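**Q** As a plain string of letters, each chain reads:
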Amino acid sequence: KQEVTQIPAALSVPEGENLVLNCSFTDSAIYNLQWFRQDPGKGLTSLLLIQSSQREQTSGRLNASLDKSSGRSTLYIAASQPGDSATYLCAVTNNAGNMLTFGGGTRLMVKP
Amino acid sequence: NAGVTQTPKFQVLKTGQSMTLQCAQDMNHNSMYWYRQDPGMGLRLIYYSASEGTTDKGEVPNGYNVSRLNKREFSLRLESAAPSQTSVYFCASSEGQGFLPYEQYFGPGTRLTVT
Numbered sequence: 001k002q003e004v005t006q007i008p009a010a011l012s013v014p015e016g017e018n019l020v021l022n023c024s025f026t027d028s029a030i031y032n033l034q035w036f037r038q039d040p041g042k043g044l045t046s047l048l049l050i051q052s053s054q055r056e057q058t059s060g061r062l063n064a065s066l067d068k069s070s071g072r073s074t075l076y077i078a079a080s081q082p083g084d085s086a087t088y089l090c091a092v093t094n095n096a097g098n099m100l101t102f103g104g105g106t107r108l109m110v111k112p
Numbered sequence: 001n002a003g004v005t006q007t008p009k010f011q012v013l014k015t016g017q018s019m020t021l022q023c024a025q026d027m028n029h030n031s032m033y034w035y036r037q038d039p040g041m042g043l044r045l046i047y048y049s050a051s052e053g054t055t056d057k058g059e060v061p062n063g064y065n066v067s068r069l070n071k072r073e074f075s076l077r078l079e080s081a082a083p084s085q086t087s088v089y090f091c092a093s094s095e096g097q098g099f100l101p102y103e104q105y106f107g108p109g110t111r112l113t114v115t
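Those sequence lines, one after another, are chains A and B.
Residue 1 is where the first sequence starts when you use the working numbering, and the numbers rise one by one after that.
Residue 1 is where the second sequence starts when you use the working numbering, and the numbers rise one by one after that.
Bound-form chain B, shown alone (with noise of 0.2 Å):
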């Protein structure tokens, strides 16, 4: 049973080029969501899905897009890669629709350093 997995674990982009981060989770749960983690600034939702099919904004979501593959699966794409989008993004699962009232479980995170 391996969780939440992401790929990949690192990541160095130059500016302009674009990419997609993958996240898979076996827990056959409804949710899925990325944040991204900055220094002093704790994490933050860019997007969210609460059942398959279904996505959501979050509070950062400029820059980015996502595709809620089918369950299993919840990819997050930058186009257009900006220095400001440096960051380690986590992708998280949890049972319940939503945020309700469920514990939410993590990936291991991707660390993006866009130059």
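Looking at chain A on its own, in the form it has when it is part of the complex (with noise of 0.2 Å):
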């Protein structure tokens, strides 16, 4: 059974600082992985998806790794802002495509 870890639970920053968020997968046979954002009291919005082939995708001040063979794929957000503070999550698909399983999410908070 896959299992998504994120490591730190939380982490809080000062505004500017350049910052990495951690996921962690137990089974490789991933067909893609998706970073969401969340936050309090709302829905999840997707920021980036990587397919199992790539091995990184940018958005903006976002910039997303993937090393599939190790299990492993980070969230890099440059030049943080308050604004950033959110939960982030991360989620794989298994290569059948019949199962999204979720990491616990990493709560962020962007200090002024």
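It should be emphasised that the hints constitute simulated quantities derived from the structure, not laboratory data.
Warning: the hint list may mix true and false statements.
[Claimed, not checked] Restricting the straight-line Cα-Cα distance to at most 30 Å, the calculated cross-link-like pairs of lysine-lysine (DSS-like) are:
| hint | chain 1 | residue 1 | chain 2 | residue 2 |
| --- | --- | --- | --- | --- |
| 1 | A | Lys1 | B | Lys57 |
| 2 | A | Lys42 | A | Lys111 |
| 3 | B | Lys9 | B | Lys71 |
| 4 | B | Lys9 | A | Lys42 |
| 5 | B | Lys14 | A | Lys68 |
| 6 | B | Lys9 | B | Lys57 |
| 7 | B | Lys57 | A | Lys42 |
| 8 | A | Lys68 | A | Lys1 |
| 9 | B | Lys71 | B | Lys57 |
| 10 | B | Lys57 | A | Lys68 |
| 11 | A | Lys42 | A | Lys1 |
| 12 | B | Lys14 | B | Lys57 |
| 13 | A | Lys68 | B | Lys9 |
[To be verified] Partial list, derived from the structure: chain A residues whose beta carbon lies under 7 Å from chain B:
| hint | residue |
| --- | --- |
| 14 | Ala10 |
| 15 | Phe102 |
| 16 | Gly104 |
Values in this document were obtained by computation on a predicted structure and should not be read as measured data.
Don't be surprised by glycine CBs; every beta carbon is placed ideally from N, CA and C.
Using the hints, put the two chains back together into the complex; each one sits in its own frame.
**A** As structure tokens, this is what we get:
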């Protein structure tokens, strides 16, 4: 059974710092990996989707990398802003395409 | 363009009561999903529908039923609510069939408390 772990569970940084969020998964037979953002009391917003054949995806200040063989992904946020404060979740799709497994999330606080 | 909408936003039930959570999407997506989110456990898939007329169990289907009423709507029913079903429920949709390879778009959630 796929297990997805996100470390740390919570992170507090001063504004302007570059930071890295980590995601690890136990079964490397994945089809793709997604990073989501969730604001308090809200639904999830998809940030980046990386196919298993890709190594990274970029969107603005966000860069996600994928090392499928080692079961790891990182989300890099450059020049963090208070508006980046949210919970970030990663999720992997299995090769059969019939299951999406989420990590528990990292709660990020960016202080002005 | 409303995206994915869910009703109600909040609900309190007593043990044994039944209710239906409604979900609709206006993006002409093929696939729809129901998840629950519990503190410290991330999101877990309850049921999904890869296309109109089909439904499949996810990781935690016990105690729930679903109906894919048409391409737009996917409802989740609790026949006899239990305190263990206290959670935040999210509906999502995707352009693809199943989980490949498209992004999922999420609704705002329904916060359900069962006393």
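**Q** What's the verdict on Lys9 (chain B) and Lys71 (chain B), does the C-alpha distance respect the 30 Å limit or exceed it?
**A** holds (22 Å)
**Q** Taken at face value, is the distance from the CA of Lys57 (chain B) to the CA of Lys71 (chain B) at most 30 Å?
**A** At roughly 18 Å apart (the allowed maximum being 30 Å), Lys57 (chain B) and Lys71 (chain B) satisfy the hint.
**Q** Would you check the hint for Lys42 (chain A) and Lys111 (chain A), treating anything up to 30 Å between C-alpha atoms as holding?
**A** holds (21 Å)
**Q** How about Phe102 (chain A): closest beta carbon in chain B under 7 Å, or not?
**A** Check passed: Cβ of Phe102 (chain A) comes within 4 Å of chain B, closer than 7 Å.
**Q** What's the verdict on Lys14 (chain B) and Lys57 (chain B), does the C-alpha distance respect the 30 Å limit or exceed it?
**A** Roughly 25 Å between the alpha carbons, so the hint for Lys14 (chain B) and Lys57 (chain B) holds.
**Q** Is Lys42 (chain A) close enough to Lys1 (chain A), meaning Cα to Cα at most 30 Å?
**A** Since the Cα atoms of Lys42 (chain A) and Lys1 (chain A) sit roughly 28 Å apart, the hinted pair holds (cutoff 30 Å).
**Q** Less than 7 Å between beta-carbons is the criterion; does Ala10 (chain A) satisfy it with respect to chain B?
**A** violated (11 Å)
**Q** Hint check: Lys57 (chain B) vs Lys42 (chain A), CA-CA at most 30 Å. Holds or violated?
**A** With a Cα-Cα distance of about 25 Å, the restraint between Lys57 (chain B) and Lys42 (chain A) holds, given a limit of 30 Å.
**Q** Starting from Lys9 (chain B), check that the Cα of Lys57 (chain B) is at most 30 Å away, please.
**A** Satisfied, since the Cα-Cα distance of roughly 24 Å is no more than 30 Å.
**Q** Does Lys57 (chain B) sit within 30 Å of Lys1 (chain A), going by the straight-line distance between their CA atoms?
**A** holds (16 Å)
**Q** Restraint: Gly104 (chain A) near chain B, CB-CB cut 7 Å. Satisfied or not?
**A** holds (5 Å)
**Q** Holds or violated: Lys57 (chain B) and Lys68 (chain A), Cα atoms, limit 30 Å.
**A** This hinted pair holds, its Cα atoms lying about 27 Å apart.
Checked against the numbered hints above, the structure breaks hints 5, 13 and 14 and satisfies the rest.
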